[in-house]
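Trainee: Going down the list, the sequences are from chains H and F.
Following my numbering, the numbering of the first sequence begins with 1 at its first residue and continues without gaps.
Following my numbering, the numbering of the second sequence begins with 1 at its first residue and continues without gaps.
Some clues are possibly wrong.
Chain F stretches covered by chain H per the calculated footprint, using a threshold of three residues with CB under 8 Å from any CB of chain H [said to hold, decoys possible]:
no.: 1; region: 148 to 160
no.: 2; region: 204 to 212
no.: 3; region: 300 to 307
no.: 4; region: 387 to 395
I should point out that these hints are in silico values taken from the structure, not numbers from a laboratory.
In this text the structure is predicted, and so the values were computed from the model without any measurement.
We treat Cβ as the ideally placed atom computed from N, Cα and C, and that holds for glycine.
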Amino acid sequence: MTLSSTAERTTTARPGLGLAGLARRSEAVLLPIGALLVGFALFSLFLLVQGKSPTDFFALVYRAGFGTAFSWENTLSRTAPLLLAALCVALPARLGLVVIGGEGAIVLGGVGAGYAGVLLSGTSAFIALPIMLLIAMGIGALWIGAVGALRHYRGVNETIASLLMAYIAIALMNHLVEGPLRDPASLNKPSTAPLDEALRVGNVPGWDVHWGLAFGVIACLLMWVLIEKTTWGFAAQIAGGNARAAQVQGLPVGKLIIGFAALGGALAGLAGFFEVAAVHGSANGSLASGYGYTGILIAFLARHNPLAIIPVAVLLAGFEASSGLVQRRMDLPDATVLVLQGFVFVAILMSETLYGRFKIFTPERWRSA
Amino acid sequence: MTAIGVETLGMTMRFGAFTALDNCSIKIAPGSFHALLGENGAGKSTLVKCMMGFYQATAGQMLVDGREARITDPKAAHARGLGMVYQHFTLVPSLTVAENLVISREDVPNVIDWRAERLELQAFMAGMPFQLPLDQPVRTLAAGEKQKLEILKQLYLGRRFLILDEPTSVLTPDEADEVLSHMRRLCQEGAISVLMITHKFREVTAYADEVSVLRRGKLVGGGKVADLSHDDMAALMMGDAQLARPADRSGTRGAPVLELDGIRAVDRTGLKDIEVDGLRVHAGEIVGVAGISGNGQSELMEILTGQRPCQSGEIRVNGRAYTASRTEAQSHNIRFLPEEPLFNACAPRMSVSDNIGFRSFDTDGGFWLSRRKMRARAETLVRQFKVKTTTIDAPISALSGGNVQRAVLARELSGEVDLLIISNPCFGLDFSAVSEIRARIMTARNEGAAVLIMSEDLDEIMELTDRVLVMSEGRVTYEATTAEADIASIGHHMGGHA
Numbered sequence: 001m002t003l004s005s006t007a008e009r010t011t012t013a014r015p016g017l018g019l020a021g022l023a024r025r026s027e028a029v030l031l032p033i034g035a036l037l038v039g040f041a042l043f044s045l046f047l048l049v050q051g052k053s054p055t056d057f058f059a060l061v062y063r064a065g066f067g068t069a070f071s072w073e074n075t076l077s078r079t080a081p082l083l084l085a086a087l088c089v090a091l092p093a094r095l096g097l098v099v100i101g102g103e104g105a106i107v108l109g110g111v112g113a114g115y116a117g118v119l120l121s122g123t124s125a126f127i128a129l130p131i132m133l134l135i136a137m138g139i140g141a142l143w144i145g146a147v148g149a150l151r152h153y154r155g156v157n158e159t160i161a162s163l164l165m166a167y168i169a170i171a172l173m174n175h176l177v178e179g180p181l182r183d184p185a186s187l188n189k190p191s192t193a194p195l196d197e198a199l200r201v202g203n204v205p206g207w208d209v210h211w212g213l214a215f216g217v218i219a220c221l222l223m224w225v226l227i228e229k230t231t232w233g234f235a236a237q238i239a240g241g242n243a244r245a246a247q248v249q250g251l252p253v254g255k256l257i258i259g260f261a262a263l264g265g266a267l268a269g270l271a272g273f274f275e276v277a278a279v280h281g282s283a284n285g286s287l288a289s290g291y292g293y294t295g296i297l298i299a300f301l302a303r304h305n306p307l308a309i310i311p312v313a314v315l316l317a318g319f320e321a322s323s324g325l326v327q328r329r330m331d332l333p334d335a336t337v338l339v340l341q342g343f344v345f346v347a348i349l350m351s352e353t354l355y356g357r358f359k360i361f362t363p364e365r366w367r368s369a
Numbered sequence: 001m002t003a004i005g006v007e008t009l010g011m012t013m014r015f016g017a018f019t020a021l022d023n024c025s026i027k028i029a030p031g032s033f034h035a036l037l038g039e040n041g042a043g044k045s046t047l048v049k050c051m052m053g054f055y056q057a058t059a060g061q062m063l064v065d066g067r068e069a070r071i072t073d074p075k076a077a078h079a080r081g082l083g084m085v086y087q088h089f090t091l092v093p094s095l096t097v098a099e100n101l102v103i104s105r106e107d108v109p110n111v112i113d114w115r116a117e118r119l120e121l122q123a124f125m126a127g128m129p130f131q132l133p134l135d136q137p138v139r140t141l142a143a144g145e146k147q148k149l150e151i152l153k154q155l156y157l158g159r160r161f162l163i164l165d166e167p168t169s170v171l172t173p174d175e176a177d178e179v180l181s182h183m184r185r186l187c188q189e190g191a192i193s194v195l196m197i198t199h200k201f202r203e204v205t206a207y208a209d210e211v212s213v214l215r216r217g218k219l220v221g222g223g224k225v226a227d228l229s230h231d232d233m234a235a236l237m238m239g240d241a242q243l244a245r246p247a248d249r250s251g252t253r254g255a256p257v258l259e260l261d262g263i264r265a266v267d268r269t270g271l272k273d274i275e276v277d278g279l280r281v282h283a284g285e286i287v288g289v290a291g292i293s294g295n296g297q298s299e300l301m302e303i304l305t306g307q308r309p310c311q312s313g314e315i316r317v318n319g320r321a322y323t324a325s326r327t328e329a330q331s332h333n334i335r336f337l338p339e340e341p342l343f344n345a346c347a348p349r350m351s352v353s354d355n356i357g358f359r360s361f362d363t364d365g366g367f368w369l370s371r372r373k374m375r376a377r378a379e380t381l382v383r384q385f386k387v388k389t390t391t392i393d394a395p396i397s398a399l400s401g402g403n404v405q406r407a408v409l410a411r412e413l414s415g416e417v418d419l420l421i422i423s424n425p426c427f428g429l430d431f432s433a434v435s436e437i438r439a440r441i442m443t444a445r446n447e448g449a450a451v452l453i454m455s456e457d458l459d460e461i462m463e464l465t466d467r468v469l470v471m472s473e474g475r476v477t478y479e480a481t482t483a484e485a486d487i488a489s490i491g492h493h494m495g496g497h498a
């Protein structure tokens, strides 16, 4: 079995203590921030070429994403699915897998939850919601777990497989909500039947943000604990760091690969559940809104660290929240934010090659002058 | 087309302080089939790389057709009619035989007139001792045919002195015989001269006119193949057996710990089988597996570590069936030291502390990982085994080869060891690291561990082991106690001739 070199980089040495530890820690923080700034700079050039002001743009993003209580609410409700979608990339990355098809698990998880909600219409929310949630997570786990199984048993490249399976998932969703599962009353936008009011997930008390955010943050914390504090997480790190060494140690590499992929898929499915039960009220084409793809960028910016995913997801959600305002005020297409994401992504991928190149971050090289 | 003769005079190649090739003079007469014999690392590859201009020899000269030739790079060698066929194929699988031949030329025009090229190729093929279908894609050819195409390519390019680097290692015995007999005929016809690197005595006797034997970079003998027996060749290859004194041994041999019966598996090339039957390793003894690399030793290691599935057979440890799971390895105290530890036993980017923790992080059976305990253990072991590292938090890839091996030994040799399985433990290490590592292995044996060691270094095997086996063509072909082992017959079996 071979692992791609990018993937091997995701399993790194622990930073340790003292000045040397601080130097190693800084590398993992400063390099992504540097890449983010390079991405911003390139994007500014892109704006200048079109005669638009980069300062206006970033000021507008600040106002629309983070400036007011209302914009924070908008940003945070977009953060919820992004947190879960990013975990769907970060967990398999621990095993050296680059899974970029979380969108598929979100979409199918959402359809599963929406249809289950229709069938359970009239049931108590205490029974129906957990069932919907588990169905969404189960479908997500099967979808991405299959990617892991294809990789382990058949040697199929997980990056391509997950991306192509995301297209299949979207096509499947369109087929289902426009065909067998369609509510005849949904005319302009084919959807499943709307959920009962009782089966809608509400907001966190005192906030104007739905429960998905709380679940997302808790999922990030739990996954961090799993990866950093448990023997399973350490076994996964070994398998991701060198599959051959893990095999010689007798570790169940296949189970770890499939298990972590399925866990990531379950969390992406959970994002689909919240999109249906808290945002749209039914399963429809809005499920495929690109959260899965933005999640890839977030996971890479966060160096696949579940704790770092939280602030990065908030930042990217703010950018997405501002796209409408940018379109209206600056006369730019709303895809402009995608262009920004693209620049940042290219910068972050290039920054991967810089790890270990800067002497200040690598204490091993301090002594040799 | 007539063969050319090549001669080296006092060829010497040093890499830093290491002399890979020492004052080596060999002469290959025009039209002769010359074999170059030697163990792994004897300097055979270095010699031919100097001849082909891949290396610039530190000292020495080369004569081509009796005149001095300065070969500065492979192009210069090609210009003088020297060509090399490598151990592995250098063909483009998706292109046809004809296309592969044409693109190998240096003077291919920008627009190729395929009709004219085909006519030329047909004429060329007709004059060759063996033919290949011009329009067949190379990926559909069998290994033997690919090797023939490699040779045809050299002839097509007008090379009249061919170096063959273990040309039969990827071929079945029948294919090997066919290819080599064609080469021999071409030599007899005076079309080419051949210098063939090989480990196999049988091929030398059957096809070569003359042989040169290298040992530790020096030409130690050779001459007409007709005048030499296999025993003579083995003796030359092994030297006069100035073996290191075996280290101090103590303790007695106990019950069998590792037992392999009727094991069958496919080898890495998928062409040959590995068959190991009745292999026993007892407590308190070191069993060595000698052999030229590529004869099934690495596959045996993979079978024992659970990386290679067996078609049949049984592995038992302490009398119980063994499936290479982590719990079995932990309950039987089985430890592995694979070769090239950084690539086979470590996660290079994880820290020294983490790497040392690989074996024991879950021994309490717990769910929670104790970083504090892992670090404390790593600190102690790094001190005990004298691993030189700035801190235990440095990535293990920042360490030197000897220190990586020490860190892995620290991990695998701490605590109770009942079975130790090792592959080439000292490959690429300096003398001090080597003696220390061998001493640790001997200590484990004296404390009652059963040790199985696979090594390409015969001296290492003779120094360390109590019993020696020789693996050849995927089978154990020789077994003796090391004290009674006869160096000539070991060499004999390593050369694949029983």
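Trainee: Please go over all the hints and tell whether each is borne out by the structure.
Mentor: How the hints compare with the structure:
1. 148 to 160: Our answer is that it is violated, as 0 residues pass the Cβ test (under 8 Å) against chain H, missing three.
2. 204 to 212: Check failed, 0 qualifying residues.
3. 300 to 307: holds (count 3)
4. 387 to 395: It holds: at least three residues are needed, and the region 387 to 395 of chain F offers 6 whose Cβ sits within less than 8 Å of chain H.
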